[in-house]
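First to last, the protein sequences are chains W and V.
With our numbering applied, the first sequence corresponds to residues 387 to 681, in that order.
With our numbering applied, the second sequence corresponds to residues 240 to 651, in that order.
The hints are simulated quantities; they were obtained by calculation from the structure and are not laboratory data.
Here the structure is a predicted model, which is why all the values come from computation and not from measurement.
Idealized CB from N, CA, C, for every residue including glycine.
Among the hints, a few may not be true.
[Said to hold, decoys possible] Which stretches of chain V does chain W cover? Using the computed rule of at least three CB atoms under 8 Å from a CB of chain W, they are:
1) 296 to 310
2) 447 to 456
[As the list claims (entries may be wrong)] Cut-off 20 Å, straight-line C-alpha distance, at most; resulting in silico cross-link-like pairs (SDA-like, lysine to any residue):
3) V/K467 with W/F531
4) V/K615 with W/Q516
5) V/K324 with W/S614
6) V/K324 with W/N611
7) V/K324 with W/R505
8) V/K539 with W/G509
9) V/K439 with V/D410
10) W/K679 with W/G560
[To be verified] Label pairs and their in silico Cβ distance ranges:
11) W/N427 with V/L629: 37 to 47 Å
12) W/S519 with V/T632: 36 to 46 Å
13) V/G408 with W/G495: 23 to 33 Å
14) V/D326 with W/L498: 44 to 54 Å
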Amino acid sequence: MFTIFGIPGPLLFGQLLLGLINGAFYAMLSLGLAVIFGLLNIINFAHGALFMMGAFVAWMLLNYAGIGYWWALLLAPLIVGAFGLVLERTLISRLYKLDHLYGLLLTFGLALVIEGLFRNEYGSSGMPYQIPSALQGATNLGFMFLPNYRGWVVVAALVVCLATWLLIEKTKLGAMLRAATENAPLVQAFGVNVPRMVTLTYAGGVALAALAGVLAAPIYSVNPNMGSSFINTVFAVVVIGGMGSIIGSVLTGFGLGVIEGLTKVFYPEASATVVFVVMAIVLLTRPAGLFGKAA
Amino acid sequence: MTRPMPTRRATLLGAATLPLAAGLAAPRARAAGKTIRIGVLNDMSGPYRDTTGQLSVACTRLAVAEFAASKGLTVDVLSADHQNKPDVGAGIARQWFDRDDVDMIMDVPTSSVALAVNSVCREKNKVFINSGAATTALTGKQCSPNTIHYTYDTWMLARSTGGNTVKSGGDTWYFVTADYVFGHELEEITARFVTEAKGKVLGHAIYPFPGTTDFSSFLLAAQAAGAKVLGLANAGTDTVNCVKQAHEFGLAPAMRVAALLMTIPDVHALGLATARGLLLTESFYWNLNDRTRAFTARAKPALGGRMANMIQAGCYAGTLHYLKAVADIGADAAKADGAAVVARMKAMPTDDDVFGPGKIRADGQLLVPSYLFEVKTPEQSKGEWDYYNLLATTAPGEAWQPVDPGCPLVKA
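Bound-form chain W, shown alone (with noise of 0.2 Å):
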């Protein structure tokens, strides 16, 4: 058996494949985060909360509705991105105007909202969620044991980030988005919808929030704090990416997780804080974030 820094080299793998795996869920959360931000200047605190709502979603479509995984997939995304949608349309449109702070005041509370409603109903403990039957089980790759639905995962992961990157990149549809974002009272009078075009980017990133909660409710507690943990790793992916930069937040949640992987291998105690310690490295030396454009 080789070695690598005196770590076995099959649990070295072992600890990087992981952290792709949670760099799954970062990329995923962050790349919501970031189309939000880049096309609404809206810094949507409530990410983690609609996170947490896609994962009670699909509790819910299993136990009233005896909907089961695969469903929920494609059915929380759209139940939560349609409340993101009326939030959008009700609230946070009020706030384009105004100084980012508002923005941030607003979604915080909304996230708090959010999350005591929940608590107040089903309590602190979490529900219980089973994995599919068809992705239980695990296969051996050799140099450690990959539960089939952490494979899922990060295949999932990689396939909507790929393609929202496309869609914005890519297509006509993004094209105006992106116009949009640079001078929007220029492509109204294009023609083109700007203010439902902003709604429907809200609903979207929501959207994207709520499939990585119904993604994580088999391997996490589903809770209505599940989303608070994770949202400050989150929000430094994307400063570390580089606010608004889609592709910076995809490559940035996987190579954090990376990272976050090898720390837990050689100081586990640190693993918290390395996200932290790599944001203030950046920040100090490219303060737009990796991939970010400066100002």
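Since the structure of chain W is provided, determine the placement of chain V on it from the hints.
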């Protein structure tokens, strides 16, 4: 200019009526001099809401309903949320004693808050019956003539789960430990019992708390170490996440998972398909014997479709014994001197449907048996909340930490 006016007027009006309201409340409190007032102080909105919370209040009320009227006592039960913050908890305790005429505080999960309330109760000569907090300090260095420790502590959990698991063949351990005092203490004491029973600790992973959601790295390390038992020295959501992920990574059947602090709401949250085979310790389980079933049948209407864990049921037992002591020395004397009630509680043997017969030691520790349970498989379970198989019982004499010489009450 005109718009803020109504608001300001409303504020002024509110401010003006405030002393009035307080004035109305105060004489009422004074008039009801002989009413015993119990305050249930716990987590109503945070991570320990389901393991303490409203069900602790419901169990306290049940003890009052069953005992008080028959002895001609009038008893009020109040409750408040300490949000797991020591300053908030101590503040509520002071307010209860100074303004609301409260005589006894019940429950108080989260060790830091319990220790804060412990000092306030001593200072004001009131009674504190702890059921929710795990720290052994309440009967050790910080033991107090005003405090009784019911239900469980870290030592009792470690003794039952650590010692008995080794005896049943789980002799090599790997710990996953939350990086704060509670986690370290729990790991350290359990490791001691494992080694004493001729078991071996093969390693541990200490993870940052709070802020860790994914435990798979540590689970893989435990698997690589080849241990037979995975000891989870953590609580709440962390434990639930660990168990869920251990199931996902297929640790069983080669490895057993021992959750060092877990109670029935957590098992309910996991579901039997995931929690099956888990080892855990409680001093109460609703389906343990005829008396616990009788208690549960009486409590059921107030539990809202859930089941009480040892902490919540312990609130019933603690309140019942407190009221017995109050009835014994009289409500007026009990209100005047909290330490006298506690002394009376220690002098009387305890007996209730939750823990059975027991007694309270000079340092304030209630001595009752502890039970090591194994979580049933879905096939074994005969109905909702039928979750545990009893594996081992530790007698009261061995279940609790020997008297800590650091406790000043013991020397006297």
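Proposed proximity, W/Q516 with V/K615 (alpha carbon, max 20 Å): holds (17 Å)
Distance restraint between W/K679 and W/G560, which requires alpha-carbon spacing of 20 Å or less: holds (19 Å)
Hint consistency between V/K324 and W/N611 [alpha-carbon to alpha-carbon, up to 20 Å]: It holds: about 17 Å lies between the C-alpha atoms, which stays within 20 Å.
Pairwise beta carbon distance, V/G408 to W/G495, judged against the given window 23 to 33 Å: Because 53 Å falls outside the window, the suggested range is violated.
Consistency of beta-carbon spacing, V/L629 to W/N427, with hint 37 to 47 Å: violated (60 Å)
8 Å C-beta test of the stretch 296 to 310 of chain V against chain W, three or more residues: violated (count 0)
Assessment of proposed distance window 36 to 46 Å (beta carbons of W/S519, V/T632): Given a distance of about 38 Å, which is inside 36 to 46 Å, the answer is holds.
Distance restraint evaluation - V/D326, W/L498, Cβ atoms, bounds 44 to 54 Å: Check failed, 20 Å falls outside 44 to 54 Å.
Agreement of V/K324 and W/R505 with the hint, judged by alpha carbon distance not exceeding 20 Å: holds (18 Å)
Agreement of V/K324 and W/S614 with the hint, judged by alpha carbon distance not exceeding 20 Å: holds (19 Å)
20 Å Cα cutoff - pair V/K539, W/G509: At roughly 18 Å apart (the allowed maximum being 20 Å), W/G509 and V/K539 satisfy the hint.
Straight-line alpha-carbon gap V/K439 to V/D410, limit 20 Å: holds (6 Å)
Hints 1, 11, 13 and 14 from the earlier list are contradicted by this structure; the remaining hints agree with it.
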